[in-house]
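There are 2 protein chains.
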Amino acid sequence: MNRHALIDELKTLLEPGKVLTDAASLDTYGRDWTKQYAPAPSAIAFPKTTEQVQAIVRWANERKVALVPSGGRTGLSAAAVAANGEVVVSFDYMNKVLDFNATDRTVVCQPGVITKQLQNLAEENGLYYPVDFASSGSSQIGGNIGTNAGGIKVIRYGMTRNWVAGLKVVTGQGDVLELNKDLVKNATGYDLRQLFIGAEGTLGFIVEATMRLDRAPKNLTAMVLGTTDFDAIMPVLHAFQGKLDLTAFEFFSDKALAKVLGRGDVPAPFETACPFYALLEFEATTDDIADTALATFEHCVEQGWVLDGVMSQSEQQLRNLWKLREYISETISHWVPYKNDISVTISKVPAFLREIDAIVSERYPAFDVLWYGHIGDGNLHLNILKPEHMDKDAFFAECALVNTEVFETVRRYNGSISAEHGVGMVKRDYLQYSRSPVEIQYMKAMKAVFDPNGIMNPGKIFSI
Amino acid sequence: MNRHALIDELKTLLEPGKVLTDAASLDTYGRDWTKQYAPAPSAIAFPKTTEQVQAIVRWANERKVALVPSGGRTGLSAAAVAANGEVVVSFDYMNKVLDFNATDRTVVCQPGVITKQLQNLAEENGLYYPVDFASSGSSQIGGNIGTNAGGIKVIRYGMTRNWVAGLKVVTGQGDVLELNKDLVKNATGYDLRQLFIGAEGTLGFIVEATMRLDRAPKNLTAMVLGTTDFDAIMPVLHAFQGKLDLTAFEFFSDKALAKVLGRGDVPAPFETACPFYALLEFEATTDDIADTALATFEHCVEQGWVLDGVMSQSEQQLRNLWKLREYISETISHWVPYKNDISVTISKVPAFLREIDAIVSERYPAFDVLWYGHIGDGNLHLNILKPEHMDKDAFFAECALVNTEVFETVRRYNGSISAEHGVGMVKRDYLQYSRSPVEIQYMKAMKAVFDPNGIMNPGKIFSI
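Sequences listed follow chains A and B, in order.
Each residue of the first sequence is one higher than the one before, starting from 1 at the first, in UniProt numbering.
Each residue of the second sequence is one higher than the one before, starting from 1 at the first, in UniProt numbering.
None of these hints come from the bench; they were simulated from the model.
Where chains are identical, the list cannot tell them apart; a pair therefore holds if satisfied intra-copy or between any two copies.
Listed next, the in silico BS3-like pairs over lysine-lysine satisfying Cα-Cα at most 30 Å (straight line):
hint, residue 1, residue 2
1, Lys259, Lys116
2, Lys348, Lys218
3, Lys64, Lys18
4, Lys64, Lys444
5, Lys96, Lys348
6, Lys348, Lys116
7, Lys348, Lys168
8, Lys11, Lys64
9, Lys444, Lys168
10, Lys259, Lys339
11, Lys218, Lys243
Could you build all of it, start to finish, from the sequences and the hints given here?
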């Protein structure tokens, strides 16, 4: 059957107009936020129901057509890029909140619900959806689950995994599974829900997710502290963690801060120039807690770790301090950064960062290297900026050269080559730096069970 | 090869004296806390290293010998019972704490580490291991992970799953996998660690586990409240949860309380007799919080939900209030209770309990029916006590008759037939009440990947 006839057949499975093949749609829906791959899907399908998703998957099995799930397309590992004539299955029309239960503190979402929409719904009901990151305004719940999204509140609230009470999925075989039924406790064998979280659509598609909410945080208060060097950040984390329940502990380098301040729309936290900055947050529910925070700050100054600092006194100040961290990713996208998202256990962070920084500085003396990330959970974002004059492909080729060396170091530290961005196509060829050959064999065997014909997002996580 | 020759061969894999076949050992190590099955293992093997575990598994694959993992043998689903000539693999000699990291707040444990031992180690270091339950003095970490143990602090801290940073396992194929490497963030494909948590030893054996610790709770304070009826418990939960961060919310019926008070070593919480009691706990870090708790208590009295109550004013009082709940299981074991451990989402609890209670009361007008459990997470323990004069087998046979009806109700409420005790052999034949036939097929396919010869705890979770 030729491609044209196949697409005509696909159209019969969906509502009229819900299969697009125009060039603009193919270009838009065929890509995510990565820039290394040219989109080349055959068609974009927009199901509106679980039954339609199931029909698409069964048809794809029969016709051996590869499918790529598509959410908010904010991914950074090319897991949602269709570069090889695949049919993209977009969840843009499965974007309803189906139920909210105040007693259970749960929300039943279709996969296309925007993260921000869930956060807002929680807030309107006096509750809180704690998974938050720069792309929350466009990322979708289905995609969050597919990559087990992390973000800026992991130190307190954990990853997306912690907030998934139940999943309805269509497996690669076309079966509908209702996983865990939203229970807190359910000891009835293997928790298959967990396999689908972080599977990047390679086992099946999420068609419904019940997300948990938490109580709303009270009087969130942030501090930004300038440290003498990177090594000083860890004792600062330790000091604050011993005294307060932190909701965040982020860091960024002076170079990252300079880029954000260069925008002109965010005030500097304080005058003193420091090589590194920590941003921490806590609930200042009582004056005692605020006093403890200030006393701990003073202790860190006395110890010579911290040069200067500021604590938010209002919601506006809280927001402004957070912008220093949250605007980094968007701001530096102008320089087409080569991003690496790596992690180790927290205690290994200082030695690890020093080694990686040495490798990168030696190899790229001419490039701007920016560090920032979620230091409280061991997750570092390494960003190398493209010089204005340099060709994009040449730049990425040059950066890729050092990957092996960086990932070799990650392996030596028992770390992860992808902390929260996923594997997709970007990290696929490096998977063995984080997972052993035998583990990868078991992973492939899992894939073969759920997707025996290999139609679900092929070429993502593993090579085809 | 006959059994005798097989055991001789097994002995060559371990240190001298580390395979036992005497009647007393077979009887002890062949059973757990369930009483329905007669133990009948062939031998008990005591490995001391991962390599020895691996050697046992490879030998068992070659010789087609079934293996049963054995920890503290406190299980309530017969997952650790060897009733069919299996070789029991006991982790009693793999009971060392291998590492403690204060910065990462992690402890590397061999599987035979006793839960209480981990709790104590945490406390000695100013930290906290929050998974706690009646059998913590003898249950082992490996077993906790195998059943994803829950207990009395789940409402705040979640199940054992939340505290497993990394696992080293020997799969049913005899491969050693190091899963997740203790990272907080690791988005490199399927999280196989999650499959082994709650797998009851059917996929492989846990040979090392890195457990996370939390900060120590501060000034834990408990309240016991007597309610007018069961339905009043839910608005009480809701009222307190809206005001405080609860660390526990348990309940028990007047009959359960009467049994504990009958021991004579625990003081009654107060004079007023009530049909149901709630036990809640929180960190009274400030006077404000204690005041809020008392105001909420008064609100509950005014609403007519609560008849009487008490709040602990000292550690001794806190411990005494907890005994009212924690001693139930041990106290009623005298009456050889028929236990059912079921759960639904929290909002469905009142209607669900009413239906189950009606079924049981109608079928067993002559039996004592006791309710208690972790109401804050939807987990109810239904206990039917054996009349003194009745034969044990006749009693269990009678109780089993109503199982189908109970589990049919569980299914109708989208609940779980095993909230935290696991499936083992006890719930095996009822699995389809909580998992769909197609889901069970996928589970069996997972099992076939990790344990193709079916030597790992066969007959548990699924029939052979």
